[in-house]
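So the sequences go chain by chain: W and X.
With the first letter of the first sequence counted as 1, position 213 gets the number 213 in this note's numbering; the numbers rise by one all the way through.
With the first letter of the second sequence counted as 1, position 94 gets the number 1094 in this note's numbering; the numbers rise by one all the way through.
Misleading hints may appear alongside valid ones.
[Stated by the list, open to error] With a Cα cut of at most 20 Å, we get these calculated SDA-like pairs of lysine to any residue: (1) LYS155(W) / ASP1256(X); (2) LYS164(W) / TRP1210(X); (3) LYS164(W) / TYR1055(X); (4) LYS57(W) / TRP1210(X); (5) LYS1206(X) / TYR71(W); (6) LYS92(W) / ASN1192(X).
Don't read these hints as lab results, they were simulated from the structure.
Protein chains: 2
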Amino acid sequence: MQKPLILVTNDDGITAPGLRSLIKFMKEIGDVVVVAPDSPQSGMGHAITINDTLYSKKMIVDVEAGAPEEYSCSGTPADCVKLGLQEILDRKPDICISGINHGSNASINVIYSGTMSAAIEAGIEGVPAIGFSLCDYAWEADFSASKEFVQTIVKEALKNGIPKGVVLNVNIPKLEVKKIKGIKICRQARANWKEKFDKRTSPMGKDYYWLTGEFELLDKGEDTDEWALANGYVSVVPTQFDLTAHHVIQELNSWDV
Amino acid sequence: MQKPLILVTNDDGITAPGLRSLIKFMKEIGDVVVVAPDSPQSGMGHAITINDTLYSKKMIVDVEAGAPEEYSCSGTPADCVKLGLQEILDRKPDICISGINHGSNASINVIYSGTMSAAIEAGIEGVPAIGFSLCDYAWEADFSASKEFVQTIVKEALKNGIPKGVVLNVNIPKLEVKKIKGIKICRQARANWKEKFDKRTSPMGKDYYWLTGEFELLDKGEDTDEWALANGYVSVVPTQFDLTAHHVIQELNSWDV
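Bound conformation, chain W alone (with noise of 0.2 Å):
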């Protein structure tokens, strides 16, 4: 039987250890491509490269035999599923994984998400796609835990396939692995940042600010993917880029327009 064909990729960068650890844990299922941003991405968000040339290159960053085939790319995490797709892979891939992001990407991080970004691209373009994300900023952060919950649910979306229309959301507890409960299929909490901005002055006496902010939890509710991550389970966010809010046409409908 054929290895599923899977293509990887991340926001953070070719060289991240989120990167470096979900290509390892990949490969035990199937054949790997890599296609990652030359730089750190965070929090692009959806963004596209359409002003601007866009560079590829081919790495040789593992001797090994059986390593995966690594390409870097100049642009977005969304950029390089596009070129992935388009250029890089002879054949669509079977799913694509995004990650292991450095951060949580749960409740409205995932707007702000370049991780989720490169699945919900390749969502769009009609291939299964999962972003995880492991809820440790630090670039030491221990990935460990992380094996077994992204072997076992890329597998199950492998063998059952993924809805259409929809890619998921993965956010793995910064826990040790005999602590995670266990996994917990959920909703996206409302949340939101509250802003704060750093004014410095820069020596040339220019004021500029850094973009800062607290995270700001809305929802009570336990079905959420913040009260799952908070209690010890890995939460799965099914996340769909059809915005439509269908539950208001009928109300704006009766709007004097």
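Position chain X against the provided structure of chain W, taking the given hints into account.
Same frame as chain W, now just chain X:
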């Protein structure tokens, strides 16, 4: 009665004719403050600037009495809204209007749209918000036919409010005003871009790509934004930032995880 406070932004940059038209239209309805990117940000999706500094400059673009305050910002459309709400405005605006974009943001384009990311950012922060786009990519596009529809929709939104968790994605066909048949509340059409990478070689012998593509409509429904636009209507799609595909949670709960 106090005039409504309107935060105006876009993704084509502070000098774009679509923004300049929108400012004029909005000045007839309320007090306008502009916070817009200092350079074009098309295709930026919901990117935010977290690994770089942000600059903002108060512009002197218009010396007439009652001219709106205008600020340029070095960041993305989402950054502009965050900065506007947090640092520039003294009170929460009554509404945030983004656009008028040069080019369609209907169907799947909403995912890549900087115009809509600004509106969505405002929505996340609890400010009613609308993104407007004209289906004409030209810098010299004629925005005069947009005036009536933009003003009507903004006035209705101020009167009725916009349902919580929803922002409006409004697209205007490239037609004379008398040929536009009216306004339709729609759902997002299913579509994607069939990518084509235009591969070239630089004068230094290095290969590079331009991302191009053809729009592919995959939806024959007559309740979609693409149908409305093709048939001479202004399309209004209620757009949400809870991306949960609630209808598949049950199915995923049958997975063996």
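Right, here's what the structure says about each hint:
Pair hint LYS155(W) plus ASP1256(X) holds up; C-alpha atoms about 10 Å apart against a cutoff of 20 Å. A hinted pair counts as satisfied when its Cα atoms are at most 20 Å apart, and LYS164(W) with TRP1210(X) does not qualify at roughly 29 Å. Note on LYS164(W) and TYR1055(X): the hinted pairing is violated, with a Cα-Cα distance of about 42 Å set against a maximum of 20 Å. Taken as a hint, the LYS57(W) and TRP1210(X) pair is honoured in the structure, with Cα atoms around 15 Å apart against an allowance of 20 Å.
The hinted pair formed by LYS1206(X) and TYR71(W) meets the criterion: a straight-line CA distance of about 15 Å does not exceed 20 Å. Distance hint between LYS92(W) and ASN1192(X) is fulfilled; the C-alpha atoms sit about 16 Å from each other, no more than 20 Å.
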